[in-house]
Amino acid sequence: MKQMSLFDQSDRPVQPSGARVYTVSQVTSRIKTWLDNDRVLQDLWLEGEVSNWRSAPSGHIYFTLKDAAASLRCVMWRSTAQQLAYLPEGDGVAVLAHGKISVYELSGQYQLYVDDLQPAGLGALYVEFERLKARLAQEGLFDRPKRPLPPFPRCIGVVTSPSGAVWRDIQNVLRRRYPLAEVILAPTLVQGEEAPSQIVAALRAVSQVPGVDVIILARGGGSIEDLWAFNDERVARALAAAPVPVVCGVGHETDVTIADYVADLRAPTPSAAAELVVPDRRELARQVADYRARLVAGAQETVTRRRRQLLSELRALRRLSPQSWIDRYRQRVDELSHAAQRASAYRLALNREQLRGLRLRLSALDPKATLQRGYAIVRRAADQRVVNRVGQVAPGDHLVIHVSDGTFKSMVEEGTP
Amino acid sequence: MSELETLSFEQAFTELEELVRQLEAGDLSLDQTLALYERGMALAAHCNAKLDMAELRIRQLAPGLEPTALGDVPEPDTFEQDTEPDTPF
Numbered sequence: 002m003k004q005m006s007l008f009d010q011s012d013r014p015v016q017p018s019g020a021r022v023y024t025v026s027q028v029t030s031r032i033k034t035w036l037d038n039d040r041v042l043q044d045l046w047l048e049g050e051v052s053n054w055r056s057a058p059s060g061h062i063y064f065t066l067k068d069a070a071a072s073l074r075c076v077m078w079r080s081t082a083q084q085l086a087y088l089p090e091g092d093g094v095a096v097l098a099h100g101k102i103s104v105y106e107l108s109g110q111y112q113l114y115v116d117d118l119q120p121a122g123l124g125a126l127y128v129e130f131e132r133l134k135a136r137l138a139q140e141g142l143f144d145r146p147k148r149p150l151p152p153f154p155r156c157i158g159v160v161t162s163p164s165g166a167v168w169r170d171i172q173n174v175l176r177r178r179y180p181l182a183e184v185i186l187a188p189t190l191v192q193g194e195e196a197p198s199q200i201v202a203a204l205r206a207v208s209q210v211p212g213v214d215v216i217i218l219a220r221g222g223g224s225i226e227d228l229w230a231f232n233d234e235r236v237a238r239a240l241a242a243a244p245v246p247v248v249c250g251v252g253h254e255t256d257v258t259i260a261d262y263v264a265d266l267r268a269p270t271p272s273a274a275a276e277l278v279v280p281d282r283r284e285l286a287r288q289v290a291d292y293r294a295r296l297v298a299g300a301q302e303t304v305t306r307r308r309r310q311l312l313s314e315l316r317a318l319r320r321l322s323p324q325s326w327i328d329r330y331r332q333r334v335d336e337l338s339h340a341a342q343r344a345s346a347y348r349l350a351l352n353r354e355q356l357r358g359l360r361l362r363l364s365a366l367d368p369k370a371t372l373q374r375g376y377a378i379v380r381r382a383a384d385q386r387v388v389n390r391v392g393q394v395a396p397g398d399h400l401v402i403h404v405s406d407g408t409f410k411s412m413v414e415e416g417t418p
Numbered sequence: 046m047s048e049l050e051t052l053s054f055e056q057a058f059t060e061l062e063e064l065v066r067q068l069e070a071g072d073l074s075l076d077q078t079l080a081l082y083e084r085g086m087a088l089a090a091h092c093n094a095k096l097d098m099a100e101l102r103i104r105q106l107a108p109g110l111e112p113t114a115l116g117d118v119p120e121p122d123t124f125e126q127d128t129e130p131d132t133p134f
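These protein sequences, in sequence, are chains A and B.
Counting from 1 along the first sequence, just add 1 to a position and that's the residue number in the working numbering.
Counting from 1 along the second sequence, just add 45 to a position and that's the residue number in the working numbering.
Don't take each hint at face value.
Said to hold, decoys possible - Far from chain B, by Cβ distances over 10 angstroms, these chain A residues were calculated:
| hint | residue |
| --- | --- |
| 1 | 20 |
| 2 | 46 |
| 3 | 356 |
| 4 | 367 |
As the list claims (entries may be wrong) - One side only, chain A facing chain B, incomplete, derived with CB under 10 angstroms:
| hint | residue |
| --- | --- |
| 5 | 94 |
| 6 | 158 |
| 7 | 206 |
| 8 | 282 |
| 9 | 283 |
| 10 | 289 |
| 11 | 291 |
| 12 | 304 |
If you are wondering where the hints come from, they were derived from the structure by calculation, not from laboratory data.
Backbone N, C-alpha and C fix where the C-beta goes; we use that ideal spot for every residue, glycine too.
With these hints in hand, go ahead and build the complete structure from the sequences.
In structure tokens form, the structure reads like this:
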């Protein structure tokens with residue numbers, strides 16, 4: 002490999018004497034470029050002791066990290082300082098700093114631009130955590146599809162320590178909320194050297210119990226070191242490989258472990274994990290009561306609707322039935338016969354009236370009545386013809402004279418027209 | 046044991062849910078409605094009985110972690126003093 006040279010032949014300015022002269026800026030810029038292209042220096046964790054800690058009025062922080070043999074200037078921008086949960090209390094504190102090395106051109110100083118700071122002891126764990134997290138994330142272990150929890154678990158595997166409050170709390174929650182389930186405890190150590198391999202074995206064992214359809218992995222709160230087993234790669238992989246969904250409830254709300262990222266569901270605490278895994282029987286009973294009420298209402302509604310439909314069909318049927326046709330005509334017949342009766346009664350009265358009139362006129366014409374008034378009917382005795390002209394008789398004819406109470410005979414003497 | 050009594054809570058509850066849905070969708074004959082109603086009421090009673098009578102069963106894998114080696118876990122005394130009442134609702 003070619004020896005790395007600070008000054009490349011091609012860039013060298015040419016001088017009459019043959020010697021090359023550079024400006025300070027050129028050299029500094031070249032050094033900066035060189036450092037900025039070094040991958041290690043651009044992303045590194047550095048352990049050291051803080052000295053000359055100084056907070057500038059601008060909010061930026063300047064300090065030096067040193068060990069027994071060397072020191073390195075550091076700068077942390079205000080924006081970073083504001084976001085960090087931890088800041089060292091002063092000089093002499095051992096810290097772990099993350100950032101990149103670059104050059105501050107104005108003073109020609111190379112320095113560490115700090116973007117994260119941890120207390121040194123925990124810092125090592127933190128770095129390990131971040132590294133594993135980044136690696137597993139890149140591998141896609143956190144992105145695998147999360148499995149939905151069974152709505153009514155039948156058998157719940159619990160991987161935790163059999164001694165201590167956590168196991169007891171989980172039992173209490175399950176008993177209170179959903180005693181219909183069966184619970185299988187897979188006891189394991191939850192901290193210490195042995196813990197990760199035991200947790201892995203317990204996960205594997207409990208997921209092989211027939212019927213287990215969800216698993217709770219739990220541990221109570223503790224220091225970051227206490228929870229460390231849950232940041233173990235073997236545990237992470239065992240979680241990802243579990244055949245049924247796993248809910249992780251480790252530590253307190255604020256503790257987040259690798260196991261939390263891999264699990265199908267993260268619960269803030271062990272008790273919360275138990276609550277997430279089962280429905281609440283009081284809620285279920287309410288729901289059953291609601292279904293009952295809706296059954297009653299639904300059935301009533303159907304019966305009412307059917308009855309309404311039946312009534313309307315009946316009405317339609319009645320409209321169409323022969324009975325209604327008969328009723329209609331019966332009424333018509335009724336009306337007609339009434340009319341006929343009325344008409345014939347009128348006619349009768351009319352006839353009676355006419356008859357009376359006729360009778361009156363007839364009696365007016367009765368010859369007997371005329372006779373009584375002094376008139377007489379004269380007939381020829383020979384042929385009984387009524388005589389109403391002088392010419393019909395001659396002197397000497399015999400006549401019969403009708404008066405009101407009888408007849409008498411007479412004879413014509415002479416006529417005068 | 047009747048067919049209904051062999052149903053798990055989940056089965057009964059799910060069937061009940063479906064019955065209510067069907068009934069509310071309407072358009073059922075009167076006979077169908079009454080059949081659904083009777084079945085639903087029986088399912089609801091079964092669900093309630095399951096909820097009321099259930100007792101949490103707890104077993105423990107043996108320390109060797111053989112999946113088949115299961116033992117009943119005796120309830121620790123602390124449960125007796127549990128302040129959280131198991132409300133019969």
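How the hints compare with the structure:
No Cβ of chain B comes within 10 angstroms of the Cβ of residue 20 of chain A; the nearest lies about 78 angstroms off, and the non-interface call holds. Interface exclusion of residue 46 of chain A from chain B stands, the closest Cβ pair being 38 angstroms apart, more than 10 angstroms. Every CB of chain B is more than 10 angstroms from the CB of residue 356 of chain A (nearest about 73 angstroms), matching its label as outside the interface. Annotated as non-interface, residue 367 of chain A keeps its C-beta farther than 10 angstroms from every C-beta of chain B; the closest such distance is 90 angstroms.
About 44 angstroms separates the beta-carbon of residue 94 of chain A from the nearest beta-carbon of chain B, more than 10 angstroms, and the hint is not met. Here the hint on residue 158 of chain A is kept, as its CB sits about 9 angstroms from the closest CB of chain B, short of 10 angstroms. For residue 206 of chain A, the suggested interface contact is upheld, since its CB lies about 4 angstroms from the closest CB of chain B, less than 10 angstroms. Contact between residue 282 of chain A and chain B, as hinted, is supported at the beta carbon level, the nearest pair being about 5 angstroms apart and thus within 10 angstroms.
A hinted interface residue such as residue 283 of chain A counts as satisfied when its beta carbon comes closer than 10 angstroms to some beta carbon of chain B; here the least separation is about 5 angstroms, so the hint holds. Taking 10 angstroms as the C-beta cut-off, the interface hint given for residue 289 of chain A holds, the closest approach to chain B being about 5 angstroms. Taking 10 angstroms as the C-beta contact cut-off toward chain B, the hint placing residue 291 of chain A at the interface holds, the least distance being around 9 angstroms. Taking 10 angstroms as the C-beta cut-off, the interface hint given for residue 304 of chain A holds, the closest approach to chain B being about 7 angstroms.
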